[in-house]
Every structure is written in C-alpha cells, then in structure tokens.
Amino acid sequence: MSDTKLDRDVLKDIYTRTMKVAQTDEKFRSLLTQGKVAVMYYPVRGQELVSGAMMAALDADDYVVCTYRGQGEQTAKGVPADLWWAECIGKATGTCKGKGGPMHITHPDSGVMVTTGVVGSGIPIANGLAMASQNNGDGRVTVTSFGDGAANIGAFHEAMNMAQLYKLPVVFLCQNNRYGEHTAYADHTDSPTIAERAAGYGMKGVRVDGNNVEEMWAAAKEAVDRARAGEGPTLIEAMCYRMMGHFFGADFSYMPEEHLAEMQAEDPLPKLRQVMLDHQFTEEELDAIVAEIDAEIDAAVEKALEAPFPDADELRKDVFEEEIAA
Amino acid sequence: MSGQITMTEGLNQALDEAMAADDGVFCLGEDVSAKQGGGVFKITAGLTEKYGENRVRATPISETAIMGAAVGAAIAGQRPVAEIMLMNFVGVCMDQIVNHAAKLRFMSGGQTNVPLVIRTTTGVGVGFGGQHSDMLEAWFAHVAGIKVVTPSNAADAKGLLRASIDCNDPVLFIENILCYGLQSDDPGKDYRVPLGKAAIAREGTDVSLITYGRTVLDALGIAEELDKEGISVEVVDLRTIAPYDEETVLASVRKTGRAVTLHEAVKPFGTGAEISANIHEKLFNELRAPVQRVGGAFSAVPFVAALEQAWIPTKDEIVGAIKAAMDWKQ
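Protein chains in written order, with our numbering: chain W, 1 to 326; chain U, 1 to 330.
If you are wondering where the hints come from, they were derived from the structure by calculation, not from laboratory data.
All C-beta atoms, glycine included, are put in the ideal place defined by N, C-alpha and C.
Honestly, I wouldn't trust all of these hints.
Stated by the list, open to error - Beyond 10 Å from chain U on every Cβ pair, some chain W residues (computed):
1) K12
2) D82
3) V114
4) E158
5) D298
6) D318
7) E321
What the hints assert, rightly or not - Mimicking SDA-like on lysine to any residue, the simulated pairs with C-alpha atoms at most 25 Å apart in a straight line are:
8) W:K317 <-> U:K35
9) W:K167 <-> U:K267
10) U:K50 <-> W:L165
11) W:K5 <-> W:V39
12) W:K91 <-> U:G257
13) W:K167 <-> U:N54
14) U:K197 <-> U:G257
15) W:K167 <-> U:A144
16) U:K323 <-> U:P302
17) W:K204 <-> U:N54
18) U:K267 <-> U:L283
19) U:K35 <-> W:Q134
20) W:K91 <-> W:R29
21) U:K189 <-> U:F41
22) W:K317 <-> U:H142
23) W:K167 <-> U:R55
24) W:K317 <-> U:G196
25) U:K267 <-> U:K228
26) W:K317 <-> U:R55
Said to hold, decoys possible - Where chain U lies over chain W, by a calculated footprint (3+ residues, C-beta under 8 Å):
27) 96 to 110
28) 118 to 125
29) 130 to 136
30) 160 to 170
Produce the entire structure from the sequences given, and follow the hints as far as they go.
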C-alpha cells in the first residue's frame, strides 16, 4: 500500500505548485488582455490542483509528457519561470530558443520531455519514455497528461493496451475538463466515464474529484508508487472543469451558464485554501507563498519581454544534428 | 572478412553488432521476437536469444503505439530500431513520425533528439497488390528532420543500417523485399557506410542515371547493354535519399552533361522531380539535354503480374529516357 497521507509538508508542496499554476495562468491572461503579448494560450483555470497534486507526487527526475494545455504540468513540475516565459513569447532565451512556443515546451532538466499540439499523441510517447526506464532500470516514472477529448483517438487505445501488456512505469492522467475543444463530453463520448475504459485493457482505472486535494493526492501518489514498484500503469480520470474557452479569447457561449456557475462553486483554489487553513496554515503564510510566486513571475515576464528574438540562422540549426547548409 | 552475405544476413548482423556494442539499442515491432520466428522476413532472427525480450520487443499490431514508444525511448537516450512491417503501414503512424520524430529536435531548440531507426520493407514485383507495395520515400524526403536511406546491395545494407543506428537523428530505412536475397562480399564486422554519401555504382561518360534501391540493379543491367551500343551510362546509387548527396550527383552530371532519374515510386511529385529541378537550377548551361524522369505508373500497384510488371519502370521506359537524353537536339 502506498502512503497517501496528506501531511503538512505534502500540503505545502501541493499548494505551492498549484498556486504557481494559478498565478502563471492569471498573469498570462492579464498580459494577453493588455495586449503586451499576442500568442495562443490555452487557459488552465479550473484545472490547477490536478497538475499541482500530480506533479507533487513525482521525483525531480521523473518524466512528463503534456499537451498544449500543459502550463500546469510544466510550471508545477519545475520548468524555471525565466525560461518558460521567454519561450512562451518566442525569445532566444526560452527553453527552446523560441522555436517551440507555448504549445511545444520542452525542458528535460525538469523532466518535461514533450509538449504536443496534437490531441492524444503524447500518450504513446510516454510509453516509450517508460520503456526506456524499464529497459535500463533507472526507476523513473512517466506521467502523461491529456484531456477527455484525447481518450477518443486511436493512439489512446493502442497505448493503453501496450502499457498494460509490458507493465510500463507510466501514469495516464486524464484531466476530464468536460470539453474536447468546443464539444461537450456527452456530445463526444457515450461511456459514462473514461476511467472505466481501463478495465478493457486489464488496467487499474480510478476516477477522482480533481478539485479535492485529498482525493487527487491519494490517486496520484498511489499511481506513481505502483508504477515505480513495477506494478504497471494506472489510468486516473481527474474530474475538473475548464472554466474558460478552448483558447484565450475564444467564444465559449456553448458552455451553459448554469453549469459554469455550478462548476465555479467547485473551484479548486478556494477549496484548497480552506484545507490549508484547516491544517493550521495561517492566512499570512499562504499569502506569503503567493507573493513569492508573483514576484518570481513578474521578474521573469519583465526579463522575457526585454530578451532578444532568435536570429534567422536558427532555421538551419536543430533540423538535424549537423547544421544544414544556408 | 570472407565469403558472401545476403542482404538479410547483412541487416541481421548490423542489428546484432549494434546491440552488442550499445545496451541502448533495442528492436521493437510486430512479430520480431523469437516466439514469432524473428520477424516475417527473419531480419531479427536469433536476437531474442542473445538480448532478451526487453530488447527485442514483439508488439501488438499497433503502429502508432510502436512509433510513439520508439520516439519516447529515443528522447530518453535509447536507440530504438522500430520495424514497421510494410511501408504502407507507415500511414497508420504518420503523426508520430512527421509531427514528433522529425520535429522534436527543432521544436525543443536542440534539447532533445530522436536517434530512432524506422526499418520498413516494400517492393513491386511480388504480387502483394495495392496496400503492401508502395515506395513512399518522397513523403518523408519532404519533411525536414528525418533522413531517408535505402540500400541496393547486401554490404551497403549492413553498413547503412549500422550508420543509421549511430545517427542522432531519425532515419527511415527502406528495404526492398526483392533485394533480401542479393549477395555481396562480406564487408566484415563493424562495417559502416556513411549517411549522405552516394556511390558511383558504375562509371560512364555519356549520361548519369541517378537511382537508389532495387532499381539500381535495373540501371546496372541496362548500362551494360547500352555499352554495347556505344552509350556509356554512369549509375549513381544515392543510398541516402534525403538529404541526398548533391555534390556527387552534380559532379556526375557535370561530367556527362545528361541525366536521367529513376525510381520505383510513382513519377509525379517524386524525388526525381526534386533532383531534376536542382540539376536544372545548378547546371542549366552545362546540360546537353533536359533531365529525363522515369518512375512508376500513376496508379495503385496492381496485383496481377502482367499489370505489375507494366507498372514498375520498364526496361523500355528507362532505355527510352536515356536515348531521349542522348538524341536531344539543342
């Protein structure tokens, strides 16, 4: 059995990671609104705790594969703010020298190996990272995060079957935010849950309230511990809610107002704060954590805005190992 | 170094030697392990016994999962050799090859790389019909970030596969079913043929016939015949199709003043069009005739031999193109 106890240290870790996600999201939306940056951004408002708790369950050198809505996994796993912001606005100082952008963040030093813009395609890649760990016995666990929409592409099914067949050390984290782009869950999937699909592959599947820190942590920790112990993969379906449109600025009138209001009542952030207070953290302690994160983000944004764009000769580099001719 | 090896043996030896030299090299694909007999074409025969089932992974029939796993393992520092049993099946996993394998080095700003070899086989002339016979090299040559390699003889097969496994970029390695039995002098242990280097398979002075893979054999046969008619054909075997050895191609055409491109893939939008256009751009004033192109018919590959043999570039078409170049009047 995993030790899924939610003690104060764990809570503080989850809170810090979750607030990093929340404050980064808020800052990004603010910069877009002010017109200070003009790039595609996929908000994670409403999904912060899922990333915060999942990443807290990992070791520093564990691997993550995420999607274009991956800000949560990236920042919570530890991609440095300076590098992250610079990449998101296409600067030469970014993680990927401005060649990836917000939809393709990679930072192996933090374990963030792939951010893919193709729905569901990171799932089989996560198997490969896990296969490498299994082959060379390095004990690493790979987490791949994706949405409910991704659970309907072929790669999901192929990868689930393969991961279970080989008992790969991988965790499949489905963030069921109730929308696949602009299509509501019930309009793209008739099976009541994604988690129950795991049984079809002989895999363990769990569905949890992704707005509840106890449930989310317990599922994350247990799945990571199982993977590391060689007991194979787990499919976690974390129920959450995408409180905004598919991308920032997109119309989301298709999301029923009454449902939105209902989901806002489930907002993970005030709920998490209450749990922190229940565990004898003070308002001041929590505010201090947020203030520190904000200061780090502000400094990173300022630096990123001033940084240079990449030179045109970058087009010839990184296509192949050897630079290609001009 | 002694005796002869077949292409099948050369490929098997390249895998064996690479796996022995580097623990990170592993094979995966449908039917590849000992339990299934070492692959449909036996290229991986004997490897499970030596390296175990983790390093010779027989997979479900799941091309996307195979290719995704290969990409993931490669960015984690391993050197997977993924087998896609027949080239037409790459269509099933194009996302993983084109959007991921080929682009991750660039999109990550060089932080990750994908030292992956995709081995696949194809070939017209065995009656496999429309969904098991296509040469699709041009699809991949058009994508920045992936190398495309195909051998025309057993020694090259061994040396090119070994070099492909060494390569830190993804390589699509195309084997032609009809070439598996070809024999070469055994090039010995740890033999490598560098990627990106063409071979002059036969020297000549009148016309350069630029080709790769199985059609190199056709080219060599035709060159022998035309020699008797007084036409001296230089056969250039590209070996690496993308990025191809432009220097060797241009040097050959500069010498002969005439060029014909030949490939098994359909002619429209094929690699012959790219090579031809490049020769015209670089050597227009030195050409004694426009570059001629020969390729497969623009239809699916037919099943019945009578049609299949007409589909593949025929001897008449190849000779016709060479003579058209020779007879061209300015």
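Going through the hints against the structure:
1. The Cβ of K12 of chain W sits about 30 Å from the closest Cβ of chain U, beyond the 10 Å cut-off, so the non-interface label holds.
2. For D82 of chain W, the non-interface assignment is confirmed: its Cβ lies about 15 Å from the closest Cβ of chain U, beyond the 10 Å cut-off.
3. Interface exclusion of V114 of chain W from chain U breaks down, the closest Cβ pair being 7 Å apart, not more than 10 Å.
4. With a minimum CB-CB distance of about 4 Å to chain U, E158 of chain W fails to clear the 10 Å threshold, and the non-interface call is violated.
5. Against the 10 Å criterion, D298 of chain W stays outside the reach of chain U, whose nearest CB is about 25 Å from its own CB.
6. Separation of D318 of chain W from chain U is inadequate, the least Cβ-Cβ distance of about 4 Å not exceeding the 10 Å criterion.
7. The claim that E321 of chain W is not at the interface with chain U is violated, since a C-beta of that chain comes within 10 Å of its own (minimum 4 Å).
8. A hinted pair counts as satisfied when its Cα atoms are at most 25 Å apart, and K317 of chain W with K35 of chain U does not qualify at roughly 43 Å.
9. Of the supplied pair hints, the one linking K167 of chain W and K267 of chain U is violated, its CA atoms being roughly 46 Å apart against a limit of 25 Å.
10. Restraint check: the Cα-Cα separation between K50 of chain U and L165 of chain W comes to about 22 Å, which is no more than 25 Å; the hinted pair holds.
11. For a cut-off of 25 Å, the pair hint linking K5 of chain W to V39 of chain W is broken: about 40 Å separates their Cα positions.
12. Under the criterion of a C-alpha separation no larger than 25 Å, the hint pairing K91 of chain W with G257 of chain U is inconsistent with the structure, at around 48 Å.
13. Note on K167 of chain W and N54 of chain U: the hinted pairing holds, with a Cα-Cα distance of about 12 Å set against a maximum of 25 Å.
14. As the CA atoms of K197 of chain U and G257 of chain U are separated by approximately 21 Å, the hinted pair is consistent with the 25 Å bound.
15. With a CA separation close to 35 Å, the supplied pair K167 of chain W and A144 of chain U exceeds the 25 Å bound.
16. A C-alpha spacing of about 28 Å is found between K323 of chain U and P302 of chain U, which places the hinted pair above 25 Å, so the restraint is violated.
17. Proposed proximity of K204 of chain W and N54 of chain U is supported: the alpha carbons are some 23 Å apart, at most 25 Å.
18. Restraint check: the Cα-Cα separation between K267 of chain U and L283 of chain U comes to about 22 Å, which is no more than 25 Å; the hinted pair holds.
19. With a CA separation close to 21 Å, the supplied pair K35 of chain U and Q134 of chain W stays within the 25 Å bound.
20. Taking the CA atoms of K91 of chain W and R29 of chain W, the gap is near 19 Å; set against the 25 Å cutoff, the hint holds.
21. At most 25 Å may separate the alpha-carbon atoms for a hinted pair to count; K189 of chain U and F41 of chain U meet this at roughly 22 Å.
22. A hinted pair counts as satisfied when its Cα atoms are at most 25 Å apart, and K317 of chain W with H142 of chain U qualifies at roughly 17 Å.
23. Taking the CA atoms of K167 of chain W and R55 of chain U, the gap is about 15 Å. The hint holds against a cut of 25 Å.
24. Between K317 of chain W and G196 of chain U the CA atoms are separated by roughly 18 Å; this keeps the pair inside 25 Å, and the hint holds.
25. In summary, the hint linking K267 of chain U to K228 of chain U is not supported, as the alpha carbons are separated by about 28 Å, beyond the 25 Å threshold.
26. Simply put, K317 of chain W and R55 of chain U have alpha-carbon atoms about 32 Å apart, too far for the 25 Å limit, and the pair is violated.
27. For the region 96 to 110 of chain W, the proposed coverage by chain U is satisfied: 9 residues have a C-beta within less than 8 Å of a C-beta in that chain, meeting the threshold of three.
28. Counting residues of the region 118 to 125 of chain W whose CB falls under 8 Å from any CB of chain U gives 5; the rule of at least 3 is met.
29. Note: the region 130 to 136 of chain W has 7 residues with beta-carbon separation from chain U under 8 Å; the three-residue rule is met and the coverage holds.
30. With 4 residues having a beta carbon nearer than 8 Å to a beta carbon of chain U, the region 160 to 170 of chain W meets the requirement of three or more and the stated coverage holds.
The structure is inconsistent with the numbered hints 3, 4, 6, 7, 8, 9, 11, 12, 15, 16, 25 and 26, although it conforms to all the rest.
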